[in-house]
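Once you know that position 40 of the sequence shown is 1099 in our numbering, the rest is easy, because the numbers rise by one and skip nothing.
Calculated directly from the structure, the hints in this document are not laboratory data. A few of these clues could be false.
[What the hints assert, rightly or not] The calculated lysine to aspartate or glutamate pairs, modelled on EDC-like cross-linking and capped at a C-alpha distance of 16 angstroms, are:
| # | residue 1 | residue 2 |
| --- | --- | --- |
| 1 | 1069 | 1166 |
| 2 | 1069 | 1110 |
| 3 | 1069 | 1139 |
| 4 | 1069 | 1168 |
| 5 | 1069 | 1097 |
| 6 | 1135 | 1194 |
| 7 | 1069 | 1144 |
| 8 | 1135 | 1124 |
| 9 | 1135 | 1157 |
| 10 | 1135 | 1116 |
| 11 | 1076 | 1110 |
| 12 | 1076 | 1116 |
| 13 | 1076 | 1120 |
| 14 | 1135 | 1163 |
| 15 | 1135 | 1210 |
| 16 | 1135 | 1110 |
| 17 | 1135 | 1101 |
| 18 | 1076 | 1139 |
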Amino acid sequence: MQSGLREALKLVAVTLKEGGAPFALTGGYALWARGGPEPDHDVDFMVAEEDSAATAELLAEHGLDVVQPPEDWLFKVYVDGAMVDVLFRAGGDPVTRERLDHVDHVEVESVRMPVLTATELMVDKLNALEEHACDLGPVVAVARAVREQVDWEVVAGRTADNPFAGALLFLLDRLAVTGSG
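Using the sequences plus the hints, can you model the full thing?
Next up, the structure:
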């Protein structure tokens, strides 16, 4: 399945690049591109909310299977059974084009593409923690893998209102992952 996800990642990235709208690889595959463990569920891209309809149309025009699920913060693209989520809201907030300025251009599976910074990825990962999604184990593994690439002070500041993120940051401090333990 991972080879199918990688192929979907490349196909969607190339199509988005050719379309010219700002986008970035996010989620598990963005962390994988930075040294984290490889995900096995889906690929995530992020686009500005104002570009989401045009982006969905672009992908559909290129023959990709674009589906609007009940959730109102993303749409899905299927490539030979592999699922790609295209997010235009994160943590309940609309994604702006300015948010997509926080990227590095990284070669992922031989395709150079914008990838959110490790700091942005960890902010999103920690802010997604809540009482129904609070398994810290996988997040610890990811944090350890990308720890040198993260500005942990920024992460702490931007997740300060989330008690689950605070608990994880405490643990990461104690494990000497953040450099402040």
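Each hint tested on the structure:
1. The straight-line distance between the Cα atoms of residue 1069 and residue 1166 is roughly 11 angstroms, inside the 16 angstroms bound, and the hint therefore holds.
2. The suggested pairing of residue 1069 with residue 1110 is violated, with an alpha-carbon distance near 20 angstroms, which exceeds 16 angstroms.
3. A threshold of 16 angstroms between alpha carbons decides the hint, and for residue 1069 with residue 1139 the separation of about 13 angstroms falls inside it, so the pair holds.
4. A hinted pair counts as satisfied when its Cα atoms are at most 16 angstroms apart, and residue 1069 with residue 1168 qualifies at roughly 7 angstroms.
5. A threshold of 16 angstroms between alpha carbons decides the hint, and for residue 1069 with residue 1097 the separation of about 15 angstroms falls inside it, so the pair holds.
6. Pair hint residue 1135 plus residue 1194 does not hold up; C-alpha atoms about 25 angstroms apart against a cutoff of 16 angstroms.
7. Pair hint residue 1069 plus residue 1144 holds up; C-alpha atoms about 14 angstroms apart against a cutoff of 16 angstroms.
8. Between residue 1135 and residue 1124 the CA atoms are separated by roughly 8 angstroms; this keeps the pair inside 16 angstroms, and the hint holds.
9. Distance restraint check for residue 1135 and residue 1157: the Cα-Cα separation of roughly 23 angstroms exceeds the 16 angstroms cut-off, and the hinted pair is therefore not satisfied.
10. Straight-line distance between C-alpha atoms of residue 1135 and residue 1116 comes to about 12 angstroms, which keeps the hinted pair within the 16 angstroms bound.
11. Simply put, residue 1076 and residue 1110 have alpha-carbon atoms about 13 angstroms apart, close enough for the 16 angstroms limit, and the pair holds.
12. Distance restraint check for residue 1076 and residue 1116: the Cα-Cα separation of roughly 14 angstroms lies within the 16 angstroms cut-off, and the hinted pair is therefore satisfied.
13. A hinted pair counts as satisfied when its Cα atoms are at most 16 angstroms apart, and residue 1076 with residue 1120 qualifies at roughly 14 angstroms.
14. Under the criterion of a C-alpha separation no larger than 16 angstroms, the hint pairing residue 1135 with residue 1163 is inconsistent with the structure, at around 24 angstroms.
15. For the hint linking residue 1135 to residue 1210, the alpha-carbon distance of about 31 angstroms lies beyond 16 angstroms, and the restraint is violated.
16. As the CA atoms of residue 1135 and residue 1110 are separated by approximately 15 angstroms, the hinted pair is consistent with the 16 angstroms bound.
17. For the proposed pair residue 1135 and residue 1101, the alpha carbon gap of about 10 angstroms is at most 16 angstroms, so the pair holds.
18. Distance check on the hinted pair: residue 1076 and residue 1139 sit about 20 angstroms apart at the alpha-carbon level, beyond 16 angstroms; violated.
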